[in-house]
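Number of protein chains: 2
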Amino acid sequence: MRTVEWDNGAVKMIDQRLLPGTFEIAEFTDYREVARSIKEMYIRGAPAIGAAAAFGMALAAYQSAADEPTTLMRDLEAAAEVLRRARPTAVNLFWAVDRVLRVAADQKLSSPDDIREAVLADAQALADEDVEINRRMAAHGAALVRDGDSILHHCNTGALATVDYGTALGVIRMAHEQGKKIHVFVDETRPRLQGARLTAWELQQLGVDFTLIADNAAGHYMRTGQVDICFVGSDRTAANGDVANKIGTYKLAVVARENGIPFYPVVPTSTVDLNCPTGDDIPIEERDPEEVVGLTRQGMPIAPAGIQVGNPAFDVTPARYVTGIVTENGVAYPPFGLSLRKMVLGEGDR
Amino acid sequence: MRTVEWDNGAVKMIDQRLLPGTFEIAEFTDYREVARSIKEMYIRGAPAIGAAAAFGMALAAYQSAADEPTTLMRDLEAAAEVLRRARPTAVNLFWAVDRVLRVAADQKLSSPDDIREAVLADAQALADEDVEINRRMAAHGAALVRDGDSILHHCNTGALATVDYGTALGVIRMAHEQGKKIHVFVDETRPRLQGARLTAWELQQLGVDFTLIADNAAGHYMRTGQVDICFVGSDRTAANGDVANKIGTYKLAVVARENGIPFYPVVPTSTVDLNCPTGDDIPIEERDPEEVVGLTRQGMPIAPAGIQVGNPAFDVTPARYVTGIVTENGVAYPPFGLSLRKMVLGEGDR
Numbered sequence: 001m002r003t004v005e006w007d008n009g010a011v012k013m014i015d016q017r018l019l020p021g022t023f024e025i026a027e028f029t030d031y032r033e034v035a036r037s038i039k040e041m042y043i044r045g046a047p048a049i050g051a052a053a054a055f056g057m058a059l060a061a062y063q064s065a066a067d068e069p070t071t072l073m074r075d076l077e078a079a080a081e082v083l084r085r086a087r088p089t090a091v092n093l094f095w096a097v098d099r100v101l102r103v104a105a106d107q108k109l110s111s112p113d114d115i116r117e118a119v120l121a122d123a124q125a126l127a128d129e130d131v132e133i134n135r136r137m138a139a140h141g142a143a144l145v146r147d148g149d150s151i152l153h154h155c156n157t158g159a160l161a162t163v164d165y166g167t168a169l170g171v172i173r174m175a176h177e178q179g180k181k182i183h184v185f186v187d188e189t190r191p192r193l194q195g196a197r198l199t200a201w202e203l204q205q206l207g208v209d210f211t212l213i214a215d216n217a218a219g220h221y222m223r224t225g226q227v228d229i230c231f232v233g234s235d236r237t238a239a240n241g242d243v244a245n246k247i248g249t250y251k252l253a254v255v256a257r258e259n260g261i262p263f264y265p266v267v268p269t270s271t272v273d274l275n276c277p278t279g280d281d282i283p284i285e286e287r288d289p290e291e292v293v294g295l296t297r298q299g300m301p302i303a304p305a306g307i308q309v310g311n312p313a314f315d316v317t318p319a320r321y322v323t324g325i326v327t328e329n330g331v332a333y334p335p336f337g338l339s340l341r342k343m344v345l346g347e348g349d350r
Numbered sequence: 351m352r353t354v355e356w357d358n359g360a361v362k363m364i365d366q367r368l369l370p371g372t373f374e375i376a377e378f379t380d381y382r383e384v385a386r387s388i389k390e391m392y393i394r395g396a397p398a399i400g401a402a403a404a405f406g407m408a409l410a411a412y413q414s415a416a417d418e419p420t421t422l423m424r425d426l427e428a429a430a431e432v433l434r435r436a437r438p439t440a441v442n443l444f445w446a447v448d449r450v451l452r453v454a455a456d457q458k459l460s461s462p463d464d465i466r467e468a469v470l471a472d473a474q475a476l477a478d479e480d481v482e483i484n485r486r487m488a489a490h491g492a493a494l495v496r497d498g499d500s501i502l503h504h505c506n507t508g509a510l511a512t513v514d515y516g517t518a519l520g521v522i523r524m525a526h527e528q529g530k531k532i533h534v535f536v537d538e539t540r541p542r543l544q545g546a547r548l549t550a551w552e553l554q555q556l557g558v559d560f561t562l563i564a565d566n567a568a569g570h571y572m573r574t575g576q577v578d579i580c581f582v583g584s585d586r587t588a589a590n591g592d593v594a595n596k597i598g599t600y601k602l603a604v605v606a607r608e609n610g611i612p613f614y615p616v617v618p619t620s621t622v623d624l625n626c627p628t629g630d631d632i633p634i635e636e637r638d639p640e641e642v643v644g645l646t647r648q649g650m651p652i653a654p655a656g657i658q659v660g661n662p663a664f665d666v667t668p669a670r671y672v673t674g675i676v677t678e679n680g681v682a683y684p685p686f687g688l689s690l691r692k693m694v695l696g697e698g699d700r
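Protein chains in written order, with my numbering: chain A, 1 to 350; chain B, 351 to 700.
Hint data in this document are derived by calculation from the structure and do not stem from the laboratory. It is possible that some hints are incorrect.
Said to hold, decoys possible - Label-pair distances were calculated between CB atoms; the ranges are: (1) B:R485 - A:K181: 50 to 58 angstroms; (2) A:E290 - B:T372: 19 to 27 angstroms; (3) B:R386 - A:F23: 15 to 23 angstroms; (4) B:T628 - A:L18: 44 to 52 angstroms; (5) B:G575 - A:N259: 23 to 31 angstroms; (6) B:T646 - A:E285: 19 to 27 angstroms; (7) B:P633 - A:Y333: 39 to 47 angstroms; (8) A:Q308 - B:D630: 32 to 40 angstroms.
Unchecked claim - Not everything, but these chain A residues come out facing chain B in the computed CB check (under 8 angstroms): (9) A200; (10) D215; (11) N216; (12) V292.
All of these numbers come straight from a predicted model, not from anything done at the bench. Don't be surprised by glycine CBs; every beta carbon is placed ideally from N, CA and C.
The shape of chain A in the complex, shown without the other chains (with noise of 0.2 angstroms):
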């Protein structure tokens, strides 16, 4: 199955919260469970919570009972609003949900059933592009990729972070299945282990080569000319390419420009926010502090109780430490104000 999909009036979803221990599909019917899904990470990645929400957005629509479009319309502004409210930092929550209510709002549709008929054809569509899209910037992304190439990667970008096939992962997907030897080096991707449970668990499924480390080592598996290329995905890049991701790929931006490797977000243009000039302009999402010091180790709690804890989710990694930005229409090179908004206009290189 899809990472995320429409079955039958539900919106169904592998729980990620318990992989790669347990496989479970969660079942929800009421948008505000598929915000709060979101919010407590049954699902997560940008592209693939903006399908979510876009999901989401379908069940309000027949969860509402109006029975004529300006009332309809005022459930799914209020929809909306809740599930833009679920994280604030990838912005294709916001592009999904907007975009959704821009087909509801469409003066042709006469009846509430029309609409609601529009908003589900359109979040199913959403979810088929978003495949569609990974697979071409896979093919972009792939063609950076030397035979022999070892390449690092960070937090999960994979079928499970999208719709299906993957962002970062999904170029390294297409270079294996290109035939290419690579070795991929897996970030555990503290604090919610993303690396080691998800793109471990999906690099072995797909039969690449690859080795697990501790984000603290991969600076060393770098400075030892051990890694040939890095792709990691993006939660919102800033129309100056300055690149929000998982918290952790800043620091190897910048170590790997120190030793000379190319750093390459891979980034559907749903994911590009042309309104956030820079990436100090991108919310940083504070998460509970129970990610960091809920493990435990032999059975033993990793850190004594009552401590302050800080656990920002993303950081921002300015776009001078960027080699190029991999989107579904080419590869955008520095400097980015030109080149990603060309991008994003679909006057790139398809």
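Here the structure of chain A is known, so what remains is to put chain B in place on it, guided by the hints.
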């Protein structure tokens, strides 16, 4: 009690594997058990390992049934070899064992019992000197800390990493004792979480204000201007100032320099290896994959079974990222070739 001490024919040490959940004292009467305790990290931290090894040599001296000096020396040489093999990176292990062997070989000692007493007395002296040296380092380091500073710290370098007081954490402790208002960002330090488990525990007891963070978050706090200065330890420092320390130190140092944040290893001269021209000559220990994948999260494993794991315990920070090296004889500044040698020879500013 001290982290490691001699008590009536036995070596006692805090079993740090169990902290912060359980405070337990391990007691050994066989030097091979001391070697195992170092290997399995009951005790860790370069200075603490050195003292444990010296006490291990004292145990070996008393374990030996030798009734003449040459036989005893042969037994001590054998014990030295076992202790040296416990861990490869921290040079204090070799330094302490060699120092005790030199004392034992003193031609003025005519009977095995004289040698046994001399060996124990030297191990005891080495442990006492460690505490004294740490206080001198702390004074030199604390002079670099300004009132109001926010300090980033990696791994554990406190009382638990030494016989008592600490190296980098000793600096922080002394700044706090001097009444400076400071805040510490504590890197959790994957994979073994010495920051979360040990440094947080020590700072909590000392009453120092701190925030525990995932290692990945350190870059975010540095880039956003929330860190004023970094202090770390070192397991071995090469003659040119390259610093081998806990995995992740290199990334920190690079990002610190990128943000204009001073970066100071705090290094007793026993940790400086003038026989190592550069960091590339320092062997890097690869440890058990279980350290990376052996955690659980809500009762579930954090990674799929049967995967390949890379687990280098240390990395090398080239001297160009190091602002200064704090020793008990003063602070060495670049170029380190001469300045560090002066500190080792005791020609620094005491």
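Hints violated by the structure (numbers, ascending): 3
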